[in-house]
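Based on the provided sequences and hints, a complete structural model is requested.
Here is what each chain is made of, one letter per residue.
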Amino acid sequence: MPERNTGSDTSRPTRRRFLELLGKGSFVAAFGGIFTTTMRFLMPNVLYEPPTTFAIGEPDDFAPESATFLEDGRLFVFRRPEGLFAISSICTHLGCNVRWNAERGGFDCPCHGSSFDKNGKNIAGPAPSPLKWYELSLNADRQMVVNTRKEVDKNFRLQV
Amino acid sequence: MKPFLETWVRRLTAGRVWKSFFRHGPVNTDLNRSLVITSNVALHLHPVKVRRDSVRFWYTIGLGGLSFLLFLVLVITGILLAFYYVPSTTLAYRSIKDIDNVVSYGRILRNMHRWAAHGMVITVVLHMCRVFFTYAFANPREFNWVIGVFLLLSTIGLSFTGYLLPWDQLAYWAITVGTSMASYAPVVGEKIRYVLLGGNVVGQGALIRFYVLHCFVLPAAMIGLLAVHFWRVRKDGGISGPQLVGTPERETVTAFPSKSYGLMAIVPGQDITAERYPEHYVLTWTHLIPKEVLATIIAIAALNLVSVFFNAPLEELADPRVTPNPAKAPWYFLGLQELVHYSALVGGVLLPALTVIGLLCIPYLDTRREATGVWLSRRRLVPNVIFGLFVVSMTVLIIVGTFFRGANWAFVTPW
Chain W
0 MPERNTGSDT SRPTRRRFLE LLGKGSFVAA FGGIFTTTMR FLMPNVLYEP
50 PTTFAIGEPD DFAPESATFL EDGRLFVFRR PEGLFAISSI CTHLGCNVRW
100 NAERGGFDCP CHGSSFDKNG KNIAGPAPSP LKWYELSLNA DRQMVVNTRK
150 EVDKNFRLQV
Chain G
0 MKPFLETWVR RLTAGRVWKS FFRHGPVNTD LNRSLVITSN VALHLHPVKV
50 RRDSVRFWYT IGLGGLSFLL FLVLVITGIL LAFYYVPSTT LAYRSIKDID
100 NVVSYGRILR NMHRWAAHGM VITVVLHMCR VFFTYAFANP REFNWVIGVF
150 LLLSTIGLSF TGYLLPWDQL AYWAITVGTS MASYAPVVGE KIRYVLLGGN
200 VVGQGALIRF YVLHCFVLPA AMIGLLAVHF WRVRKDGGIS GPQLVGTPER
250 ETVTAFPSKS YGLMAIVPGQ DITAERYPEH YVLTWTHLIP KEVLATIIAI
300 AALNLVSVFF NAPLEELADP RVTPNPAKAP WYFLGLQELV HYSALVGGVL
350 LPALTVIGLL CIPYLDTRRE ATGVWLSRRR LVPNVIFGLF VVSMTVLIIV
400 GTFFRGANWA FVTPW
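Chains as they are written, first to last, in numbering that gives the first Met the number 0: chain W, 0 to 159; chain G, 0 to 414.
Just so you know, the hints here were simulated from the structure itself, not pulled from any lab data. Wrong hints could be hidden among the right ones.
In silico DSS-like pairs for lysine-lysine, Cα to Cα no more than 27 Å straight-line [stated by the list, open to error]: (1) W:K131 / G:K190; (2) G:K190 / W:K149; (3) G:K18 / W:K120.
Partial list, computed: chain G residues near chain W (C-beta under 10 Å) [said to hold, decoys possible]: (4) Y183; (5) K190; (6) G197; (7) G198; (8) R320; (9) V321; (10) N324; (11) P325; (12) Y341.
Sample of chain G residues with no beta-carbon within 10 Å of chain W, all distances over it, derived [unchecked claim]: (13) P2; (14) T37; (15) L44; (16) F56; (17) Y104; (18) A137; (19) I146; (20) G204; (21) G346; (22) L375; (23) F389; (24) V399.
Backbone N, C-alpha and C define an ideal beta-carbon position, used for all residues, glycine too.
So, in structure tokens, the structure goes:
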């Protein structure tokens, strides 16, 4: 009597084993596909969020030697003799708004006690990095424009 | 008048219609005290008989049952609140104001929902402590401890997602901080934050996501986990208890000599084991149900009383421009916030992750299998001290975060 293939012999490929793998494989592939597309579905492609580039007014709206907090844009605008610059108010620790401490000449975060110096460098508390500096530019209407997607270093000044 | 009423009650309960509802007779014999449990879908979560040790109040303090009761209260009050609440950034805060000020009994319902949620966090944690300190997670109950850890995480997740819904200042900034914490997780952190918020900032996308998690995803997960949790309690022969002494031999039940229960895969062996250690088992109907009813009445009354006298807080409308100082999370997260104040990565990601992994591993590491079902056994001094220190340090962190932290998270004294 010829030996019957029961499919339990896994040492050599058989039709049964091939079909079994094909079945299990398509099962895994199908569920993998469903899982991946579901995950992708959860990541929106179009966001209705505030613009990341916006005008904040003319340079002369900002008095010399001033530190102005613009709440809508969540940033500070400083005017110094050598030019204007913008520092983000978003704490690099967990995203609270930092406050300008005029006495000390630095920033304090109300949530977890981080503090930063006048250039936004983290000097105490849990914040892991300095506050971001945003690029400032002038548009055709002589309005200053902030681009929060464009970071600049702390030597940046907008000359007017 | 009285004989008339009694006659009608007797006629009604003897009728075919009544008998089709309730398949047991008047509950005045042990047979009917058993049938009332097995023939009622709600009661049959219970076994017909329970161990005398496990219905002692001071063994469990009813903490697991209380957690379940609070969950039911939260489901009911939550469904009612959902008739008025609108998950939109422009309407959410106003609908909460409406619930508080113009909807009949709205404020008390919202208060009950809030205080039951806080209560459930407390009872779930205390239930975990009870299970640890009585060594109730010992073999064969290891996996039910694991399910319990996931139930704890679901409870915390429900609390956290519920916090955003009123769209007030506390909600907005608690969620800003909480989701920023997620972004510190290695590799996938930013992606997790993006998916949680449905974008880059806390806005409409985040509100609707938290609403769906709070009202559908997490309650569904909770109900599934609860089903497994309760089912395993039954499969493991009821809740834990001390080693039984007495008459171990089974009184072989020969009511159905033709059936082999072992073959039917109901219980191992040839007979049913209901009459093992008969002196240790009592009827559920007479020894557990009354206690549960009493505990339910007291808990609901207490919750109502608290909700009449204490209002759930509602701060000003969420303002992305102004961070309140100090910005505090709900109290059960203040221990975490205190840790996060030292380091977001260590305090907000690594320590919580290690804590959860540690909790999950407990029943597989702590396996000496002695003194099960005994509170604070001297033979389990070392594990009890370690777990006790863990609970105390969590509590201390929460107390520090709640009372000893002021503006800019600087140290203050509450007096």
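Each hint tested on the structure:
| no. | hint | verdict |
| --- | --- | --- |
| 1 | W:K131 / G:K190 | holds (21 Å) |
| 2 | G:K190 / W:K149 | holds (21 Å) |
| 3 | G:K18 / W:K120 | violated (79 Å) |
| 4 | Y183 | holds (9 Å) |
| 5 | K190 | holds (8 Å) |
| 6 | G197 | holds (5 Å) |
| 7 | G198 | holds (5 Å) |
| 8 | R320 | holds (3 Å) |
| 9 | V321 | holds (7 Å) |
| 10 | N324 | holds (3 Å) |
| 11 | P325 | holds (6 Å) |
| 12 | Y341 | holds (6 Å) |
| 13 | P2 | holds (67 Å) |
| 14 | T37 | holds (39 Å) |
| 15 | L44 | holds (33 Å) |
| 16 | F56 | holds (43 Å) |
| 17 | Y104 | holds (36 Å) |
| 18 | A137 | holds (36 Å) |
| 19 | I146 | holds (23 Å) |
| 20 | G204 | violated (7 Å) |
| 21 | G346 | violated (8 Å) |
| 22 | L375 | holds (37 Å) |
| 23 | F389 | holds (23 Å) |
| 24 | V399 | holds (13 Å) |
In this structure, the hints that do not hold are numbers 3, 20 and 21, in rising order.
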